[in-house]
Amino acid sequence: MSRRHVDELDSVEMPDGFVWRPIRRAFDIRAFGVNAYSVLESGSQIVEEHTESRLGHEEIYLVLRGRARFTVDGNDHELGPGQLVFVRDPALKRAAVALDADTVVLALGGKGGEAFTVSAWEAMFAAVPAAREERWDEAIRIHEEALEDEPEHPALLYNLACMESRAGRRLDALLHLQRSVEIDPVWAEHARKDSDFAAIRSEPGFP
Amino acid sequence: MSGYEILSIDDLDRYTSTSASYVLRPLRRRLGFRPFGLNVWEGPGAGDQVIERHREAGGDEELYVVLRGTARFTLGDETFDAPVGTLVHAPPGTLREATAVEAGTTILALGAKAGEAFEPSGWEDFYIAYAHLHAGDADRGRALYREALEREPDAWQGAYNAACFEAVAGDKDAAIEQLRRAVALDRSAREHAATDTDLDPLRDDPRFEELVG
Numbered sequence: 001m002s003r004r005h006v007d008e009l010d011s012v013e014m015p016d017g018f019v020w021r022p023i024r025r026a027f028d029i030r031a032f033g034v035n036a037y038s039v040l041e042s043g044s045q046i047v048e049e050h051t052e053s054r055l056g057h058e059e060i061y062l063v064l065r066g067r068a069r070f071t072v073d074g075n076d077h078e079l080g081p082g083q084l085v086f087v088r089d090p091a092l093k094r095a096a097v098a099l100d101a102d103t104v105v106l107a108l109g110g111k112g113g114e115a116f117t118v119s120a121w122e123a124m125f126a127a128v129p130a131a132r133e134e135r136w137d138e139a140i141r142i143h144e145e146a147l148e149d150e151p152e153h154p155a156l157l158y159n160l161a162c163m164e165s166r167a168g169r170r171l172d173a174l175l176h177l178q179r180s181v182e183i184d185p186v187w188a189e190h191a192r193k194d195s196d197f198a199a200i201r202s203e204p205g206f207p
Numbered sequence: 001m002s003g004y005e006i007l008s009i010d011d012l013d014r015y016t017s018t019s020a021s022y023v024l025r026p027l028r029r030r031l032g033f034r035p036f037g038l039n040v041w042e043g044p045g046a047g048d049q050v051i052e053r054h055r056e057a058g059g060d061e062e063l064y065v066v067l068r069g070t071a072r073f074t075l076g077d078e079t080f081d082a083p084v085g086t087l088v089h090a091p092p093g094t095l096r097e098a099t100a101v102e103a104g105t106t107i108l109a110l111g112a113k114a115g116e117a118f119e120p121s122g123w124e125d126f127y128i129a130y131a132h133l134h135a136g137d138a139d140r141g142r143a144l145y146r147e148a149l150e151r152e153p154d155a156w157q158g159a160y161n162a163a164c165f166e167a168v169a170g171d172k173d174a175a176i177e178q179l180r181r182a183v184a185l186d187r188s189a190r191e192h193a194a195t196d197t198d199l200d201p202l203r204d205d206p207r208f209e210e211l212v213g
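One line per chain: the protein sequences are A and B, in this order. Taking my numbering, I'd label the letters of the first sequence as residues 1 to 207. Taking my numbering, I'd label the letters of the second sequence as residues 1 to 213.
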């Protein structure tokens, strides 16, 4: 597929209310990070509040259609088509709310001085529809594919363990959860409260 | 330098091509964005070229996003009209071109090479240097291309483009010197020089004959 209109991209409705429109995945782009976001109704979050501290990415958000109110480093800016915000500092908090129902924001990002690598969050976003509909095999496959690029990514391993636990693959779930906790112990705390692990919580070796 | 910046694409500088109708509005340079290449291109009138006909011989993967108007794209063997919001993906070897169906058609172009850290390419400096030269400010253009030469001292294309710049600017000695460097770096520069009209002011100079044959 060499061309697509932004309205023809997949729509992945996220729990926070924004809709992820994957561009990089649609074309299997390997050289840079690019995605779009839309909303189901005016007033919804279109860019979730976050920083890029972990990835160190520089980001540009460009309004393609409609209007959005961006909040960056505590300051509000209302932007329309052709206007953009460039967040140079990865540590700054950024978020946006759509002011029109048809607002579309392009998000461009990457780390200066390094070859682009696909961010693990893309797989986690991409698996949301399958997980919502309890199509566990598909959700597991999406995570396994992402782990081929980043085999030691703790959040990916943790999410994979969640899906495997829900799918009844108890041993796989336990092994992947243990590995994520070995890499970053913070995942043990998450696991203790996570209902996805009801099936394996009493297993020996559960963190 | 602030941690973030708000900008409209209308705030970007405009550089009309000296050989075609399209206008470059350099976005990456303006922001100091480092992860990949990013520019805005405009076709001022209906029928004007917006994206020149080319392949990315250097291996860059590109994505074009139509921001305003409607663009008529040619991608490989296919031609299609692309309204606002259309995304066009061009792998490195694919021939691509876009013209404006409506006046003011504007396209965002993203590009980089997979698996490599992005480095700005010298063509942007030379494009803008030429625009300054044609606007009557050769010194400003010269300062810009010299930065590009310092960044990529071993690229024959840089020395060759500098020769063209100086030939058009009327500094024959500087042009011959740059052409000599270009030929020393890569003898294929001679083939380009043989037919390049930018170098016409040098053709009756015996040093040119000696270099190009």
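A few of these clues could be false.
Each computed DMTMM-like pair below joins lysine to aspartate or glutamate, with the alpha-carbon atoms no more than 25 Å apart [as the list claims (entries may be wrong)]:
| hint | chain 1 | residue 1 | chain 2 | residue 2 |
| --- | --- | --- | --- | --- |
| 1 | A | K93 | A | E13 |
| 2 | A | K111 | B | E5 |
| 3 | A | K93 | A | E138 |
| 4 | A | K111 | B | E124 |
| 5 | A | K111 | B | E116 |
Treat the hints as calculated values from the structure; they're not laboratory data.
Please list, smallest to largest, the hint numbers that this structure does not respect. Hint 3 is the one this structure does not satisfy, whereas the remaining hints hold.
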